[in-house]
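*Asks:* This is what each chain is made of:
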Amino acid sequence: MANTHNPDMTPGLVNAYEPGEHPDWPAPSSVKGPAHWIKTNLFGSVTNTLLTLLTIYLLYKIIPAMVDWMFIDAAYTGTSRKDCEAQASGACWAFIGTRLQLFIYGFYPEAERWRVNLTAILLVVALAPVLYDNVPHRGKALIFTVLYPLIAGVLLVGGIFGLEYVATDQFGGLMLNVIIGVTGIAFSLPIGICLALGRQSHLPVLRIVCVAFIEFIRGVPLITLLFVAAVMLSYFVPPGTNFDLLVRMLIMVTLFASGYMAEVIRGGLQAIPKGQYEAADSMGLKYWQSMRLIILPQALKIAIPGIVNTFIALYKDTTLVIVIGRLDILGIGRSSLADSKWQGLSTEVYVFVAIFFFISCFLMSRYSLYLEKKLHTGH
Amino acid sequence: MFKRASIVAAAAAVVGIATGAQAATLDDVKARGVLHCIVNTGLPGFSYTDANGNWAGFDADMCRSVAAAVLGDGDKVKFIPATGKTRFTLLNSKEGDVIFRNTTWTFVRDVDVKLTFIHPTYYDGQGFIIRKSKGVKSAKELDGATVCIQTGTTTELNLADFFRANKIKYTPVPIEDSSEARKNYLADRCDAYTTDASGLAATRATFEKPSDHVILPEIISKEPLGPVVRHGDNQWEDIVRWAVFALIQAEESGVTAANADEMAKTPPNPDVARLLGAEGDLGAMLGLDKAWALRAIKARGNFGEIFESNLGTKTPIGLERGLNALYTAGGLQYAPPFR
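Protein sequence lines, in the order shown, are assigned to chains A and B.
Anchor point for the first sequence: position 261 equals 885 in this note's numbering, and the numbering is continuous, going up by one each time.
Anchor point for the second sequence: position 193 equals 216 in this note's numbering, and the numbering is continuous, going up by one each time.
Hints were generated in silico from the structure; no laboratory data involved.
The structure presented is a predicted model; accordingly, all values stated were derived computationally and were not measured.
For glycine and all other residues, C-beta sits at the position ideal for the given N, C-alpha and C.
Among the hints, a few may not be true.
Stated by the list, open to error - The following residues of chain B were derived to be distant from chain A, with all beta-carbon distances above 10 Å:
| id | residue |
| --- | --- |
| 1 | W128 |
| 2 | A168 |
| 3 | D256 |
| 4 | E275 |
What the hints assert, rightly or not - Under the rule of at most 35 Å between Cα atoms (straight-line distance), these lysine-lysine pairs were calculated in the DSBU-like manner:
| id | chain 1 | residue 1 | chain 2 | residue 2 |
| --- | --- | --- | --- | --- |
| 5 | A | K685 | B | K157 |
| 6 | A | K965 | B | K99 |
| 7 | B | K337 | A | K965 |
| 8 | A | K685 | B | K206 |
Unchecked claim - Listed next, the stretches of chain B that the computed footprint assigns to chain A, with coverage defined by at least 3 CB atoms under 8 Å from CB atoms of chain A:
| id | region |
| --- | --- |
| 9 | 93 to 106 |
| 10 | 202 to 211 |
Same shape as in the complex, but just chain A (with noise of 0.2 Å):
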């Protein structure tokens, strides 16, 4: 792409093309392409130049240190702590490694983790039709949808068509967490927006009934609402009553999401134009028609940062669960470190705990950035 041959560069040959044939030359390397990206971005001024420097001199500070630590450096076969260090001074990933079972699972029995193992694959089949719509067959795939909290339910928990009983205590590790920020995610959504809609509803009763339980769940921290879960919940129900503790933190985890959920939706409801509201109306809409077709569709889509922040925010609480002696994949970690083999090695754990939920999250993040590009129309 030598510009000497180009013959736009030269003075006088501008005009050296019929009209119609001018060849679509690449732009030059001082408009264009890396040198030029990097001349602007990183060394366009002097305060730039120097934080591009200094940028560049804690990198190379940190980075090399890093991977050292996290993979040239480091152990990973080793029964104990001492093993480790014996063979590398880096990070002890052994110790995540034998209890990679116990991480993932934590206490389900080892016979029956195939049913957990089913249950995620069959997740992400339920999933799929609600987060993509060219997925064949989607109408049946999404009665399928429907009915999979009660199928993941049987599955996890057994009891019934021959599958052993296994209490929800054994339940721990990253599945847990799974479960409550699944089960959060999926319910705090219609019950947001039935909140959202109440709170903005024409009926008094409804109203203040919204408006108080959003300002309510709104006002009590999380680890409240679970520690009365777990412990004072039995003073109100009738003695003999057992309502498995799961499910509470379940109740009580969709509850407080919801709360949230419904005033960001309200964020949403609020930037529609009134004309939108009336407009509906003319066309002889009913309250619920004009919601689903003309209304929400519209207010979701602007909410859809928010309400992935706020499922976000709730997949990380999931580890508060630890206050009402529920050890999910960080209380795992916890518990395990305690075990004198391999006490001291704090910092595998929370990289590991880390990378985790980074996976998570940032899944989500990805996948609520391609759904606005999906949903742009352009006003």
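Since the structure of chain A is provided, determine the placement of chain B on it from the hints.
*Replies:* Below, chain B alone, put in the same frame as chain A:
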């Protein structure tokens, strides 16, 4: 860990009283077929999960012994991991039947929070660890030192008391749990770290060069750690208390997990005969059968065996028996007579 009677615990206790008379815990446990045992979410040597996801440690083994005495099977335990703040609430709301979670027996907890303390299964005390290179020989030489301390615990109050009594100054570095303390101490963000001596030993065992660090001779507090049950159920209280005593008596009488069956058949003396149910029927008085103590001992061994396998000098924790030896060996562990 020896967290002071928190507001939560007090509130739970109030609610606990409000519910009135306690139902018989023994009946609940028998009907359920599982003992609900509240343990620490993770404390080296006392309670932690092993690679297979089983709870292990001194406290966990004690739970198994009680379960064996009551239900006949040491594995019929559901472990409820609890933080220092939630343990009393979980007990009072009947989510748990007994706490085996290194809980310090204090006046306020016993009297005001309405808990019943059984018997100290581990006599601990607060100590200091410091680098040898600092040249400190006694805690009284810590003037001007920065000290890492876990917040919201009795150790925090003990530390303040100790420095005030000795008229020396210190800067506290508040931290959340023992793994954080370890990191801070090793990174030299504090000169000394203070917690229970057992915890210090466990932490020191994980250092690269344990011999570079010294545990100072002063033990500045009394921390009798032991099981706790709800106020007001005397039968259940007796069961847990005598299950613990049975383990201590077994050590004194030389009954071990290995020889218990044999001893029960041919008891060497009347004491052992009564303990193991070969003579008399002490179990019936507790609402249990004759072999209750035999099973408790067979579950994880006698008191000494449980101590040695979880905390003793052969483990990475490497604790001496010290105060926790039998009274015959100069310690404080002493079981009343079984008669």
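*Asks:* All hints are to be evaluated individually against the structure, with a verdict given for each.
*Replies:* Results of checking the hints against the structure:
no. : hint               : result
1   : W128               : holds (22 Å)
2   : A168               : holds (23 Å)
3   : D256               : holds (15 Å)
4   : E275               : holds (28 Å)
5   : A/K685 with B/K157 : holds (31 Å)
6   : A/K965 with B/K99  : holds (26 Å)
7   : B/K337 with A/K965 : holds (13 Å)
8   : A/K685 with B/K206 : holds (22 Å)
9   : 93 to 106          : holds (count 5)
10  : 202 to 211         : holds (count 4)
Checked against the numbered hints above, the structure violates none of them.
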